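Note that the protein sequences, when read in sequence, are chains A and B.
Numbering-wise, the first sequence is residues 1 to 129 according to the numbering used here.
Numbering-wise, the second sequence is residues 1 to 374 according to the numbering used here.
Among these hints, one or two may not hold up.
Facing chain B, according to a computed beta carbon distance under 7 Å, are these residues of chain A, among others [said to hold, decoys possible]: (1) Gly-36; (2) Asp-37; (3) Val-39; (4) Phe-40; (5) Glu-60; (6) Val-62; (7) Lys-63.
Note that these hints are calculated values from the structure, not bench results.
All values reported here derive from a predicted model rather than from experimental measurement.
Heads up, the beta-carbon is just placed ideally off N, CA and C, and yes, glycines get one too.
Take a look at the letters that make up each chain.
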Amino acid sequence: MNYPEDLKYTKEHEWVKVENGKARVGITAYAQDQLGDVVFVELPEVGTEVKAGAMFGTVESVKAVSDVYAPVSGTIVEVNEALNDAPELVNEEPYEGGWMIVIEMSDPAELDNLMDSADYQKMVEEGGE
Amino acid sequence: MAQEPKKTPLYDTHVKNGGRIVDFGGWALPVQFTGIKEEHNACRTKAALWDVSNMGELLVQGKEALDLLQMLLVNDVSKLYPGKLIYSPMCYPHGGIVDDLLVMCLAEDKYWLIVNGANIQKDVEWIRPLVRFFNGTVMEDISDTIAQLALQGPNSVEILKKLTAYPVEDIRYYHGAQDVDVAGISCVVTRTGYTGEDGFELYCQADKGPELYEAVVEAGQDHGLVLAGLGARDTLRFEASMSLYGNELDENHTPLEAGLGRTVAFDKGTFFIGAKALMEQREKGLETKLVGIEMVGKGVPRNGYKVFDETGEKEIGYVTTGTYAPYLEKYLAMAYVQVDYSRRGTGLTIDIRGRKVPAKVVRMPFYRREVKKK
Chain A
1 MNYPEDLKYT KEHEWVKVEN GKARVGITAY AQDQLGDVVF VELPEVGTEV KAGAMFGTVE
61 SVKAVSDVYA PVSGTIVEVN EALNDAPELV NEEPYEGGWM IVIEMSDPAE LDNLMDSADY
121 QKMVEEGGE
Chain B
1 MAQEPKKTPL YDTHVKNGGR IVDFGGWALP VQFTGIKEEH NACRTKAALW DVSNMGELLV
61 QGKEALDLLQ MLLVNDVSKL YPGKLIYSPM CYPHGGIVDD LLVMCLAEDK YWLIVNGANI
121 QKDVEWIRPL VRFFNGTVME DISDTIAQLA LQGPNSVEIL KKLTAYPVED IRYYHGAQDV
181 DVAGISCVVT RTGYTGEDGF ELYCQADKGP ELYEAVVEAG QDHGLVLAGL GARDTLRFEA
241 SMSLYGNELD ENHTPLEAGL GRTVAFDKGT FFIGAKALME QREKGLETKL VGIEMVGKGV
301 PRNGYKVFDE TGEKEIGYVT TGTYAPYLEK YLAMAYVQVD YSRRGTGLTI DIRGRKVPAK
361 VVRMPFYRRE VKKK
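Whenever a hint applies, use it, and build me the whole structure from the sequences.
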């Protein structure tokens, strides 16, 4: 399993990459592995307001439906349209082509509530949920 | 319900092979090895191997065994002869389904009922009180003594031929052979399956299961054989529109509603449990019916989602199984709907977490393999 060091992580297995003050969000390699083959990703529209900890979309694998939560609050400024036709990108490139949304953060201090790579790895390996 | 799930004789083998173990109806079995899509498509194009030792086997034996089975089952068991199998629902008097099963005739007075793993206890309790009315006839639950493997996919014949001198390619569909030496292990080999592909099911003594499994895996190496789990077993049977007990089949639906009318042998000339209710239903006409549905809008239909009419106003049924069909690459569902909405092409909507998403009734089976003419 891989846990890139330049990302921040949530307990619900989302990752955040901060780029020019914006937060790019996806689900982790561990999360996609647990889900299995992703066959559908439902995301909100650009312009939607999200709150940290609130659900913003769903990821569906062959067997299961899983909600995805916003790691930080703000406005969605980009949505990964490629996932409409290629939801398998979430499995194949969870940290690159499988990204889901970009959030213009309203409170960047919320980033401090997230885990770093080492803490997240520890949580996963200790069998956190 | 919080009991430890039962382990099949292959449990340690699955763990060693990296299977992701889940509790499935009280059984600890792998849901997947490499991934459901990959396992699914390997079965459609090459071959896949399952441990299905959770399935139950009930031995029914004695001079009135046939009479007992004719009463218990809606299909006509008198058509069987040694080596022949038949599929049948087993019904309650009101026509609802106790279980659906395969009957294999081993000898004139000796049969196996191959039943769903989650229903073994229920079936035994249903059948046992009736056995004593049949002279010299006994029923024995031999499930724990038998391991069962499913080898499925177009390359199955080639793979199995490498392990036996028996001409397995000559076993016809829904036929089987006993005491076949497969890799040095005595097996019952049947040309049956639950995937919509050609293939075999192999039954052997429980403690020989791991050895048989390893032998098939090795023989399949050059034939694209993959290890497969319950996930792909479910998507394959779903794509081939085969019903699953607990989803499409239950005590609240009859074989007629489930589209299994061809298995109800009203004309077999003997009484069977459920006959009266089923005959009445046939005369009155069905109110609900199992249909195939394909999504028109975006979304994945899931088990239990409600089905509405095209306007989204009127609830008309529910999804029994729904998911992404990996080989057809479509979002499909099987659903019970009111019969007025069961015609092919009828527009419907499915309530996907509060959103009414357009769908339509389509033909089943969704997938049918091309049978090569000899």
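Cross-check of the supplied hints:
no.	hint	result
1	Gly-36	holds (6 Å)
2	Asp-37	holds (4 Å)
3	Val-39	holds (4 Å)
4	Phe-40	holds (5 Å)
5	Glu-60	holds (5 Å)
6	Val-62	holds (5 Å)
7	Lys-63	holds (6 Å)
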